[in-house]
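Taken in order, these protein sequences are the chains called D and R.
At position 164 of the first sequence the residue is numbered 164 (this note's numbering), and the sequence of numbers has no breaks.
Going from the second sequence to this note's numbering is simple: count from 1 and add 1000.
The hints are simulated quantities; they were obtained by calculation from the structure and are not laboratory data.
Hints should not be assumed to be uniformly reliable.
Cβ pair distances, simulated, as ranges [unchecked claim]:
#1 R:1021 with D:446: 42 to 48 Å
#2 R:1117 with D:248: 52 to 58 Å
#3 D:12 with R:1117: 21 to 27 Å
#4 D:171 with R:1035: 26 to 32 Å
#5 D:428 with R:1111: 37 to 43 Å
#6 R:1200 with D:12: 42 to 48 Å
#7 D:172 with R:1172: 40 to 46 Å
In silico EDC-like links for lysine to aspartate or glutamate, alpha-carbon gap of 20 Å or less [unchecked claim]:
#8 R:1142 with D:158
#9 R:1189 with R:1121
#10 R:1111 with D:379
#11 D:269 with D:279
#12 R:1142 with R:1089
#13 R:1135 with R:1157
Just some of the chain R residues that point at chain D, by a computed CB distance under 7 Å [stated by the list, open to error]:
#14 1018
#15 1086
#16 1088
#17 1105
Bear in mind the structure is a predicted one, so any value in this text is a computation, not a measurement.
Ideal Cβ placement from N, Cα and C applies to all residues, glycine included.
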Amino acid sequence: MNPLGAETRLFLRSGRNIAALLLLLVLSATAVWAGIAEVANQRAAIERVAQEQARDLAAVEDANAGPQGDAGYVAYYAFMLTQDPPPPLAFAAIGQRDLQPYLLRVRALGLEAQLYDSEAYNPELALPGVFDWAFVLIYLLPLVVIALGHDLVTGERETGRLRLLLSLPGDGLWRRRAVLRYAAVLAALVIPLLVGGAIMAAPAGGIAVLILTAVLYCAFWFGLTLLAGAAMRTSATAATAMVGCWIMLTLVLPTLGNAAIARAVPVAKGIDLTLAQREVVHRGWDIPKEQTFERFFVSHPEWRGREEFEGRFHWKWYYAMHQVGDEAVAEDAAEYRASLERREDLTRALGFVLPSVGSMNVVHRIADTDIEGQLAYRDSIAAFHARLRAFYYPYLFADRPFTRADFAMIPRYSVRTAQGSLGVWPLAILALAALLMIGLGARRVSRLGGEGSARTG
Amino acid sequence: MIAHETPPAIRIADLHHSYGAKPILKGLTLTVRHGEIYALLGGNGAGKSTTLNALLGFIAPASGTVRVCGTDPVAQPRQARAQMAYVPENVSLYDHLSARENIGYFLALAKADRGADAIDEALREVGLPADAWDKRLSGYSKGMRQKVAIALALARDVPVLLLDEPTSGLDPRAVLEFNRLLDTARARKVAVLMVTHDLVSAVDIADRIGFLADGRIEEEREALATGARFDLNALHDRYARAGVSA
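Chain R extracted, bound-state conformation (with noise of 0.2 Å):
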């Protein structure tokens, strides 16, 4: 008898994709779980947001193989898509729209009827203040905004959250009201893969990290199970000797 297991939320194996002559991904591979929040860290050019388009299916990578979910995101794009969530580093959502109408116009693109009471639900979840929701977004800050993307990935209920620079221009509090959000991520089982710059963030949340460096992961570190979940100055100097400030 042949066990089926189920297929891990992402899966890059041996990725290689370039840009003209310049190689960017030469032989990335990292898995990420179920219920896993994954920081994928390196510096500008290290090859993050190529990992982003591979997976997304924005680009056709070289060679290697990516799946979502099981699921060929170049190959087959659509479905692929419905697995994830993206969340880009600078959410830009329609201005004249409020929360809750932005959330209900990208659900019915995505073609994911979730009803208002979803909505409403997710924006409580993300904990935008409900005199906020009916409001323009051309009010919002970012951190606001930030929410209502996040929202959005929560409204899909979908298995994978694609997070770019999640935590860049966050003041404190916001940053720990966004790891919040991701704990309760986890708790769904959904997999969260967030690239980053920052190190104290991806310390604070993940449950492992990657170093990106020349196009590949050059270095794995899990959360430790007791104590510190990790060594932030071990962690700080493995970042600065990638040439990275953290």
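So here's chain D without its partners, still in its complex pose (with noise of 0.2 Å):
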């Protein structure tokens, strides 16, 4: 038998090994089911809400169509559905997707308060985050990196059988118990991703780079355990160090590092711009309805002149309204986003420094389920808006009809493609760290060869 046959074999007889890679095989299969299931509920909300959204706008078009219809009616009443499906690595890392919406009915209203409009989800049950496999491949994999190789070579000290293994003239040994493990564990993570791929038709391309994303991830923890496992004396001294590692690196620094980033970058909450919005709709019916012109003239000097109207009422006058409450937030708006963007830079920034996080990063950037994602969806919404505006606003100022054939016409949401990206230099680093594990824990593994004169006299 050859060594690495006789490893395996020795490998698939420990009942703990066995346990182990069955566990995360269970962990990452039930992650995947769980993403699957997740995918599945928001495809199908989104179906239902398209249905009611269809039956809605007849009901709106029944009762508003006619010929004298008007438009400032028809904008009011009809909300227009925009939806952000799941993308096709979604079942892999949800992300942002469980917290943030992926449907959004609006209307030609002010924008920003209809932006933040979505249900409130509980904040307690959205602090462990869900359960999908990309929190398999950051918080658990490490663990069972942990289990099989922190007594990789304390075990064999512990049991007196290291002298007898160092005695023996083969080599390679070391390198073939991490590689053999190495491969095991990656293999039960990777096959339920590729089994959820081939159901959800993900890109081969983006599941390659989620599968890249753990090949180097768990080479950095295996090179880690491997330095300490080699480093300690003790199964127990090693296990205690690596644990306390996991903690570290994967729950106390990026939480403190989380906290500083939103310490430094604070963020306005989105229902404050909603209600700085509604206070300025507001305060329009109190003022002269020409100081709302002039300011409505600014973004909109076309219609100039076609503000006078009879009666105390008229849908130009409300609109417009609600255009200068979005824009007198406009840069309240931007800078929120920006403020957005800025932490999410530094969440990048942070990934260079923390495996854990710069993983994270790579998984829900390429499956487009961050922030970034979000962010996209929501300027396709506001791109949306801006075209719902245009759309009614000649019929407003203009005094035209809104009639049956017009509906037709109210412009329609288009689903944004999904803008996955491939974060080069997160997996550039994150291979760099791997490499550096890899090398610490293969150099310290190469000095046992002294380990055998540990007995003296």
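Mind assembling these two chains? They're in different frames, but the hints should get you there.
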């Protein structure tokens, strides 16, 4: 039997090894299944709402269509559906999608008052995060690596086999053992991902990036475990040191980093923008209409001279109030967005230092389920909302009737294309960290030749 | 014409080694020939384990020469280790594997693929009951484990056997069986270096006995050709003088 075959047999005969691998396989499979279920739920919700939306719009059409239909009523009652369907890799890395809205119905009123009008979620339930494949990769994989690798050397020393093993003429024992464990752990982690990817018809390139991230992140933890396992005298101290590393690298330091980022870059709440916009709109009722129109004409000079109307109320004045309301908070909205982007930038920078954060950033970026993906969805809503306004304003300011035929021309939201991207630098940094740890671990293990001389005299 | 002699199985000449500032070996010289059983006796700290470490290439001696079948264990560890089998004091193999599987595994590590028949033959030779061959080692006694380790050494079919306190913890019957195994090894022209505290066991089986004290061989005695192999009483006195209890 060749050494690798013998090593594989030895590895597979250990109940502990099999139990750890099976546990990881079950966790990974459960996480992929949970991710697929969540994606199916989101798709079902979108489908359900889309059907309701069609019924709703038909009702608005029936109520308001006519030869002299008023566009103001239509624009007021006709909510238009925007949606952000789960990207192909969302099943593996749900990211922000369990917290941020993926459905929003908007109308031609003020955008800022609608943009953050999503369902409130229970913050205590949101705290632990979602159980998806990315969670298993970042938080649970290292624990399995520690379980399988912490006593790679110390276990042999404690049982007294180390001198016998070192006295044999063959070489590459530790390399074979580490590579075998590494491959087994990766297989247990990745096989469910591949099955999930096939079920979800996910793009091969995206799956490859997820696997590459797992390969590097797993290598980092194996290197670290090898280093600690060879440097420590007993399995207990090696395990304690590694669990300490896990707590620091995956829990404490990322939490402290996020707290520091939150402190360094305060971000206003979206609801504050909603309230500020509404305040401007509400004040509009109490100030002379001319003031509202003058502010409106700054951005829409093409409608100057069409502001006159009879009576106390006209929809064009009402929509101008909303437009002005949005413009009044535009600076705050831009600042809000810039703060989110700044936080995202800092989180990426944190990923250069912490492999756990770096890996998380890579998988969520390629899956397009991070803040950047959310902002892209908001941008697409804003662009769609601008199209809605541009569609209705000629009816309102030119006093054109809104007929049944016009309903078909109301702009419909086009689903944005998922824009997951490859984080080359985070992956490169992760690769460097993995290589460094593997190098240090291998170097420490290569010194074990002298370990046989632990007995003196 | 130059005559090429086969190098001795083990040759150590003027070996010095220290751990930190503490000198352990101070000019150790010994030779073990093929087919010879050499018992190295010495008290705690005399340098027995350091001698084994030097032979196994675990340490690089400060000065002196170490050769195993003519090979330097430090400069060519793989080649040197291919010539010798080491049986540690406390034999610890993989408890979740059987005797056959353990030997197969260690042979694979040593890149010495001898086949199942060779493994069975070695197990038979060491006298391990056949019904135990496929049982996990977790149920084995210390003597049985040692037999598996010796069987591994025999299966490797190497010219040099290094034994670290081989009779420690064995009952008298097991010691007798062990001595029989060493006889077998001697018959195969295997050189055996056994490091031990056990004077009686050494007297029973060794061809030569070396007294290691203060880092060097203070005295060597050879088995007598006729009659009692060694004068146990004289050896005991010698051992006691060296400050070691037999």
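Against the structure, the hints come out as follows:
The hint said 42 to 48 Å for the Cβ distance between residue 1021 (chain R) and residue 446 (chain D), and at roughly 27 Å that hint is violated. Between residue 1117 (chain R) and residue 248 (chain D) the CB atoms are about 54 Å apart, so this pair conforms to the stated range of 52 to 58 Å. Against the hinted window of 21 to 27 Å, the Cβ-Cβ separation of residue 12 (chain D) and residue 1117 (chain R) comes to about 25 Å, which satisfies the hint. A hinted range of 26 to 32 Å holds for the C-beta pair residue 171 (chain D) and residue 1035 (chain R), which are about 30 Å apart.
With their beta carbons about 38 Å apart, residue 428 (chain D) and residue 1111 (chain R) fall inside the hinted range of 37 to 43 Å. Under the hint 42 to 48 Å, the C-beta atoms of residue 1200 (chain R) and residue 12 (chain D), about 45 Å apart, fit the expected range. Range check, residue 172 (chain D) to residue 1172 (chain R): about 42 Å between beta-carbon atoms, so the 40 to 46 Å window is met. The hinted pair formed by residue 1142 (chain R) and residue 158 (chain D) meets the criterion: a straight-line CA distance of about 17 Å does not exceed 20 Å.
The suggested pairing of residue 1189 (chain R) with residue 1121 (chain R) holds, with an alpha-carbon distance near 18 Å, which does not exceed 20 Å. For the suggested pair residue 1111 (chain R) and residue 379 (chain D), the alpha carbons sit about 64 Å apart, so the restraint of at most 20 Å is broken. Among the hinted pairs, residue 269 (chain D) with residue 279 (chain D) is consistent with the structure: their alpha-carbon atoms are about 16 Å apart, no more than 20 Å. For the hint pairing residue 1142 (chain R) with residue 1089 (chain R), the CA-to-CA distance comes to about 11 Å; that is within 20 Å, so the pair holds.
Proximity of residue 1135 (chain R) to residue 1157 (chain R) is assessed by CA-CA distance (about 24 Å); at most 20 Å being required, the pair is judged violated. The restraint placing residue 1018 (chain R) at the interface with chain D is violated, with a minimum CB-CB distance near 10 Å, outside the 7 Å limit. The criterion of a C-beta within 7 Å of any C-beta in chain D is met by residue 1086 (chain R), whose closest approach is roughly 4 Å, and the hint holds. Checking residue 1088 (chain R) against chain D: minimum C-beta separation of about 5 Å stays under 7 Å; hint holds.
Hint status for residue 1105 (chain R) relative to chain D: holds, with the closest Cβ pair at about 5 Å, below 7 Å.
Hint check: violations occur at hints 1, 10, 13 and 14; the rest are consistent with the structure.
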